[in-house]
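Enquirer: Spelled out, the chains give:
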Amino acid sequence: MDKFWNDLAEVFASDRYLEEFLTGTWESLYSTVIATVVAFLLGLALAVLLVAGERSGVRPLPGPLMKVVNILINILRSVPFLILMLFVTPLSLILLGTQIGTVASIPPLVVAAAPFVARLVETSLREVDPGVIEAAQAMGCTPFQIIRKVILPECLPSLISCFTTAFITILGYGAMAGAIGGGGLGKIAINYGYHRYNLAVCLVATVLIVILVQIAQAIGSYLSARVDHQGKTRKVRYRVRLNDPARQEETT
Amino acid sequence: MIELRHISKVFPTAEGELRALDDINLIIRDGDVFGIVGMSGAGKSTLVRCINLLERPTQGQVLIDGQDLCALPERELIRKRRSIAMIFQQFNLLMQRTCLKNICFPMEIAGVKPAQARQRALEYLDIVGLPDKAGAYPAQLSGGQRQRIAIARALASDPKILLCDEATSALDPKTTRDILRLIQDINRRLGITVVVITHEMGVVEEICSHVAILDHGVLQEAGTVEEIFSNPKTEAGRRLVYPDGVAIDQLPATNVIRVAFQGGSSYEPLIASLAIDCGVKANILGADTRNVNGQAFGSMLLGLPDDPDQIARAMNYIKNQPNVTVEEVGEGHG
Ligand SMILES: Nc1ncnc2c1ncn2[C@@H]1O[C@H](COP(=O)(O)OP(=O)(O)OP(=O)(O)O)[C@@H](O)[C@H]1O
Ligand SMILES: [Mg+2]
Chain A
237 MDKFWNDLAE VFASDRYLEE FLTGTWESLY STVIATVVAF LLGLALAVLL VAGERSGVRP
297 LPGPLMKVVN ILINILRSVP FLILMLFVTP LSLILLGTQI GTVASIPPLV VAAAPFVARL
357 VETSLREVDP GVIEAAQAMG CTPFQIIRKV ILPECLPSLI SCFTTAFITI LGYGAMAGAI
417 GGGGLGKIAI NYGYHRYNLA VCLVATVLIV ILVQIAQAIG SYLSARVDHQ GKTRKVRYRV
477 RLNDPARQEE TT
Chain B
721 MIELRHISKV FPTAEGELRA LDDINLIIRD GDVFGIVGMS GAGKSTLVRC INLLERPTQG
781 QVLIDGQDLC ALPERELIRK RRSIAMIFQQ FNLLMQRTCL KNICFPMEIA GVKPAQARQR
841 ALEYLDIVGL PDKAGAYPAQ LSGGQRQRIA IARALASDPK ILLCDEATSA LDPKTTRDIL
901 RLIQDINRRL GITVVVITHE MGVVEEICSH VAILDHGVLQ EAGTVEEIFS NPKTEAGRRL
961 VYPDGVAIDQ LPATNVIRVA FQGGSSYEPL IASLAIDCGV KANILGADTR NVNGQAFGSM
1021 LLGLPDDPDQ IARAMNYIKN QPNVTVEEVG EGHG
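Protein chains in written order, with our numbering: chain A, 237 to 488; chain B, 721 to 1054.
It should be emphasised that the hints constitute simulated quantities derived from the structure, not laboratory data.
Note that this is a predicted model, so its numbers are computed, not measured.
Worth double-checking, as some hints may not be accurate.
[What the hints assert, rightly or not] A few chain B residues that face chain A, going by a derived Cβ cut-off under 8 Å, partial list only:
#	residue
1	I798
2	R801
3	Q860
Glycine is no exception: its CB is placed at the ideal position from the N, C-alpha and C atoms.
Turn these sequences into a full structure, and let the hints guide you.
Expert: This is the structure:
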């Protein structure tokens, strides 16, 4: 137990650790942001395909095609992340010329997260009121206009929530990626905690990850509520105009 | 002019085919306010959705100004829909857009320049009486206000036809009346043909010039509101026009007559003079008169004494009254 306290004291005392944690946090952050953005865009595209392309969707696509996409997503989702990562690292080699390091961990993260995001976003796209879509069709919207001007804007608040969830999930995956050649806080935690029995460093790295998650969730929740005008999550603000003639009449 | 020719719609369901519409033929002329009434499940929504082909009929033709919509390629159809506006029971506004942006929406779709669209949207806000709600979101409005915004949005596409599917069914009676006034006003001022789907006869009474009665997917009868209200010819029509009326099957067979009023006179003097002039004491079994466009319409079921002579006298007397028709209803059901 003494070793733990000594280690902990050293973590806060030495510049070397500070620098390592700063780099780790930065690596975790940028790899997660890049992977989340790419995975989200891919997942969003897949989700739109799934929702718009089904038989009762706004732009029905051939049934067999939809089946293939569905099965593909299910397969990718059911393979455990660590195993998927082993399969996908060669892709990093082709795309980025390297198999190890922070950047190299991005493609596997994307491949692992995109199908998950697709299902997440699919659910939220399906929550758009069918009546509103029908109204848009009646107004003479093309399928593309319905997707771009009705479906996506109407579920913007929940898309932001999906993005937040994706970010947090990918941050978690990224920590796992640290175990097999990735960088970031995950790597620090594994290196010190597992290989060198330095639990203090491991603990600090973990706390940093937790803090990142908390911050991400707070920002995500705030933005989601901020853009939502449906009225359920946000208090309706009434503007009272003092020079409103109707009001003056009432008071006199 | 909207012309529906032999429209049928069959839905495949788990329990087999469901014939929601059966060989509907209907003509709606320009400038009419045309009501389509029927009980729940009669196929009203399906029928109105066939007019803009949100629902493709299994058979038949939808002609608008002589052009068969079913024959149009998808692209043309989408363009055509822009001249057929629609409002709904649940308003179906875009919740993440302000009222002004909602009204701009159809113009945005049609490629109107933003500044011009905004200008026109403000005018439509004025027409529907909500000039101060431009920046409000639909969630901040009451049901009646939302429907006004939906109407403004419908007008924004400069339509020739306005389809209303139960547009007032989610509103209270007073708001319903206001919205119906607005629709009537729009019909008169802008000459837009209005098709009103409803299950409430009150709505038809309030604004329609013509009405069609739909029952179980079959068009029972159609005509001017005066015709149908004063003398519904079909069982379904009678059930809708006189929901509280006496069930004819339960009446004594041969001595019941239906007297229909087509404007003008009220029924009390008739009953009184029937007793005084003819010495026939009639028993009122059921009555329902309505005030349509300032005239009295309605009908009444009379039970007459079981005496062929008195019945003949009564029939003869009533037949000679102005604006009144009479028929024996006992026979057909005996
Ligand atoms: N997409 C569909 N698939 C299967 N059956 C349908 C479909 N749409 C409508 N129906 C059936 O068609 C019939 C007519 O429905 P419709 O919605 O047109 O009735 P309605 O007259 O508008 O009733 P309400 O007054 O309750 O709105 C109903 O029996 C309904 O179950
Ligand atoms: Mg309906």
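Enquirer: If you check each hint against the structure, which ones fail?
Expert: none
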